[in-house]
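S.K.: These protein sequence lines map, in sequence, to chains A and B. So the first sequence is numbered by the working numbering: it starts at 478 and just counts up by one. So the second sequence is numbered by the working numbering: it starts at 76 and just counts up by one.
Be careful, since some hints might not be right.
Restraint-style ranges between C-beta atoms, simulated for each label pair [stated by the list, open to error]: (1) B:S89 to A:G493: 33 to 41 angstroms; (2) A:R521 to B:S155: 42 to 50 angstroms; (3) B:H85 to A:G572: 28 to 36 angstroms; (4) B:I190 to A:S544: 43 to 51 angstroms.
Only pairs whose alpha carbons sit at most 27 angstroms apart, straight line, appear in this in silico DSSO-like list of lysine-lysine [said to hold, decoys possible]: (5) B:K186 to A:K486; (6) A:K547 to A:K486; (7) B:K143 to B:K133; (8) A:K573 to B:K178; (9) A:K548 to A:K573; (10) A:K573 to B:K144; (11) B:K133 to A:K573; (12) B:K133 to A:K534; (13) A:K548 to A:K491; (14) A:K573 to A:K547; (15) B:K178 to B:K124; (16) B:K144 to B:K186; (17) B:K144 to B:K124; (18) B:K124 to A:K573; (19) A:K548 to B:K178; (20) A:K547 to B:K178; (21) A:K547 to A:K534.
I should point out that these hints are in silico values taken from the structure, not numbers from a laboratory. Given the structure is predicted, the values throughout are model-derived calculations rather than measurements. Glycine included, each C-beta is placed from N, C-alpha and C at the ideal position.
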Amino acid sequence: NAGVTQTPKFRVLKTGQSMTLLCAQDMNHEYMYWYRQDPGMGLRLIHYSVGEGTTAKGEVPDGYNVSRLKKQNFLLGLESAAPSQTSVYFCASKGKQTQETQYFGPGTRLLVL
Amino acid sequence: AQSVTQLGSHVSVSEGALVLLRCNYSSSVPPYLFWYVQYPNQGLQLLLKYTTGATLVKGINGFEAEFKKSETSFHLTKPSAHMSDAAEYFCAVSESSLGGYQKVTFGTGTKLQVIP
């Protein structure tokens with residue numbers, strides 16, 4: 478039982494390049510989330526998904542796209558990276574009930590030059 | 076709309092001293108409340124949570140928190156700090172919103188430094 482895994486762990490991009498961050502969970506959770514974490518700003522929600530085939534925008538969705546083709550995977554895409562997207566990205570998943578715990582991946586550090 | 080306020084972005088305590096990390100929330104419905112801990116270069120992990128029932132909640136590593144509805148607070152405490160407690164702590168509130176989406180809102184975090 479690996480929980481929530483993220484790949485890659487670290488990446489350096491040049492401005493304008495694209496990349497995809499992969500999140501996988503093996504807990505059969507319905508809900509999945511992508512957050513970014515920046516110093517002094519806590520966690521900000523980028524996009525989320527309430528089930529396979531569904532996605533929705535969070536607080537800071539601009540410049541990102543997501544897909545949830547399989548229940549266990551949630552992909553975050555950057556079509557044209559910008560220095561403002563330098564951050565640590567966390568994926569999380571949780572079950573259907575409101576009181577359930579979110580489980581977080583180890584994070585992906587992204588540096589955009 | 077729900078919100079979470081953590082007072083103090085940095086807190087320093089001496090080893091063996093009381094740890095008190097403050098969290099206040101606003102919510103239009105009875106909330107579910109969480110404390111998560113983040114060690115350097117790691118993801119967040121659950122310390123404890125309040126759902127219903129007893130308002131004093133015990134978590135891992137000797138931490139506990141008390142839900143006080145009248146004060147809209149959920150402060151985290153530990154009687155005696157240990158060096159291994161140095162980390163960043165996040166308070167979060169979860170509630171259902173229109174359409175069934177379960178919105179989770181995080182505070183901006185409090186970095187705990189433990190001084191030998």
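S.K.: If a hint holds in the structure, say so; if it doesn't, say that too.
M.R.: Hints, one by one, checked against the model:
Our hint of 33 to 41 angstroms for S89 of chain B and G493 of chain A is violated, since their Cβ atoms are close to 49 angstroms apart. Our hint of 42 to 50 angstroms for R521 of chain A and S155 of chain B is violated, since their Cβ atoms are close to 34 angstroms apart. In this structure, H85 of chain B and G572 of chain A meet the distance hint of 28 to 36 angstroms, their C-beta atoms being roughly 34 angstroms apart. Taking the beta carbon of each, I190 of chain B and S544 of chain A are about 47 angstroms apart, inside 43 to 51 angstroms as hinted.
A distance of roughly 23 angstroms separates the Cα atoms of K186 of chain B and K486 of chain A; the hinted pair therefore holds under the 27 angstroms criterion. A hinted pair counts as satisfied when its Cα atoms are at most 27 angstroms apart, and K547 of chain A with K486 of chain A qualifies at roughly 21 angstroms. Note on K143 of chain B and K133 of chain B: the hinted pairing holds, with a Cα-Cα distance of about 15 angstroms set against a maximum of 27 angstroms. Distance restraint check for K573 of chain A and K178 of chain B: the Cα-Cα separation of roughly 12 angstroms lies within the 27 angstroms cut-off, and the hinted pair is therefore satisfied.
Pair hint K548 of chain A plus K573 of chain A holds up; C-alpha atoms about 13 angstroms apart against a cutoff of 27 angstroms. Taking the CA atoms of K573 of chain A and K144 of chain B, the gap is near 25 angstroms; set against the 27 angstroms cutoff, the hint holds. Using a Cα cut-off of 27 angstroms, the hinted pair K133 of chain B and K573 of chain A holds, with the two alpha carbons roughly 24 angstroms apart. With a C-alpha separation of about 34 angstroms, the suggested pairing of K133 of chain B with K534 of chain A is violated against the 27 angstroms cut-off.
A C-alpha spacing of about 31 angstroms is found between K548 of chain A and K491 of chain A, which places the hinted pair above 27 angstroms, so the restraint is violated. Using a Cα cut-off of 27 angstroms, the hinted pair K573 of chain A and K547 of chain A holds, with the two alpha carbons roughly 17 angstroms apart. A C-alpha spacing of about 16 angstroms is found between K178 of chain B and K124 of chain B, which places the hinted pair at or below 27 angstroms, so the restraint holds. Distance hint between K144 of chain B and K186 of chain B is fulfilled; the C-alpha atoms sit about 25 angstroms from each other, no more than 27 angstroms.
Between the alpha carbons of K144 of chain B and K124 of chain B the distance comes to roughly 15 angstroms, so the proposed pair stays at or under 27 angstroms and holds. Taking the CA atoms of K124 of chain B and K573 of chain A, the gap is about 16 angstroms. The hint holds against a cut of 27 angstroms. In summary, the hint linking K548 of chain A to K178 of chain B is supported, as the alpha carbons are separated by about 19 angstroms, within the 27 angstroms threshold. The hinted pair formed by K547 of chain A and K178 of chain B meets the criterion: a straight-line CA distance of about 22 angstroms does not exceed 27 angstroms.
A distance of roughly 18 angstroms separates the Cα atoms of K547 of chain A and K534 of chain A; the hinted pair therefore holds under the 27 angstroms criterion.
Checked against the numbered hints given earlier, this structure breaks hints 1, 2, 12, 13; the rest are met.
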